[in-house]
Amino acid sequence: EAQVTQNPRYLITVTGKKLTVTCSQNMNHEYMSWYRQDPGLGLRQIYYSMNVEVTDKGDVPEGYKVSRKEKRNFPLILESPSPNQTSLYFCASSLSGARTEAFFGQGTRLTVV
Amino acid sequence: SQQGEEDPQALSIQEGENATMNCSYKTSINNLQWYRQNSGRGLVHLILIRSNEREKHSGRLRVTLDTSKKSSSLLITASRAADTASYFCATALRHSGYSTLTFGKGTMLLVSP
Chain A
1 EAQVTQNPRY LITVTGKKLT VTCSQNMNHE YMSWYRQDPG LGLRQIYYSM NVEVTDKGDV
61 PEGYKVSRKE KRNFPLILES PSPNQTSLYF CASSLSGART EAFFGQGTRL TVV
Chain B
1 SQQGEEDPQA LSIQEGENAT MNCSYKTSIN NLQWYRQNSG RGLVHLILIR SNEREKHSGR
61 LRVTLDTSKK SSSLLITASR AADTASYFCA TALRHSGYST LTFGKGTMLL VSP
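Line by line, the protein sequences give chains A and B. Reading the first sequence from the start, the letters are residues 1 to 113 in the working numbering. Reading the second sequence from the start, the letters are residues 1 to 113 in the working numbering.
No lab work stands behind these hints, which were simulated from the structure alone.
Label pairs and their calculated CB-CB ranges:
id	chain 1	residue 1	chain 2	residue 2	range
1	B	Gln9	A	Arg9	26 to 34 Å
2	B	Ser24	A	Gln3	28 to 36 Å
3	B	Arg60	A	Gln3	23 to 31 Å
4	B	Gln14	A	Arg9	27 to 35 Å
5	A	Asn28	B	Ala78	32 to 40 Å
6	B	Arg50	A	Met27	18 to 26 Å
7	B	Ser12	A	Pro39	17 to 25 Å
8	A	Gly16	B	Pro113	42 to 50 Å
9	B	Pro113	A	Val54	42 to 50 Å
Computed far set for chain A versus chain B, every beta-carbon distance over 12 Å:
id	residue
10	Leu11
11	Lys17
12	Thr22
13	Glu70
14	Thr86
Just so it is clear, CB atoms sit at the ideal spot from N, CA and C, and this is done for glycine as well.
With the hints as constraints, model all of the structure from the sequences given.
Laid out in structure tokens, this is it:
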């Protein structure tokens, strides 16, 4: 089954404790991206990757890092999480960037206390 | 940055009625996509309409695109309780090199039995 898998689904952590949210897709898509969703603000893009070893900033990249060492995986790293990064995070992949439909993961609800 | 803006923000109808949601955007696009999100879950792609298309159908969904007015509408016919969800439009912008899908804030649809 074609899917995008995020882990963990839920995470509560403390300020400053580094964490990684994993994302994996099994569709051989070149394009992957991360979004955060906050009430009243909709979905905002954090980072995206057009291909292996190619990443670029989205609208809200501050406080986040990503890497794309292999095609299927695109982890999101919070080096020093802060409470304002409490949000619902989504990973997505597509065959050809924004030209084609995006497939979304189930989401990761992160709370930073 | 927000590109698409959905209207209305919320819509409440009875089962069997039609639901119409609108999306306006600001700059030239390659395509416009509609997604559905059930509460707190991942987004699911519904339909993609390219800038040279005016209308597209998929089951009970009908999407129109008017590039002169920079607007799109999503019509769900004969609504069901299971259609209750948030609906988002997303645009692929020319100036971003089609690298980014920019989402609106969504329309929350409630279909009552």
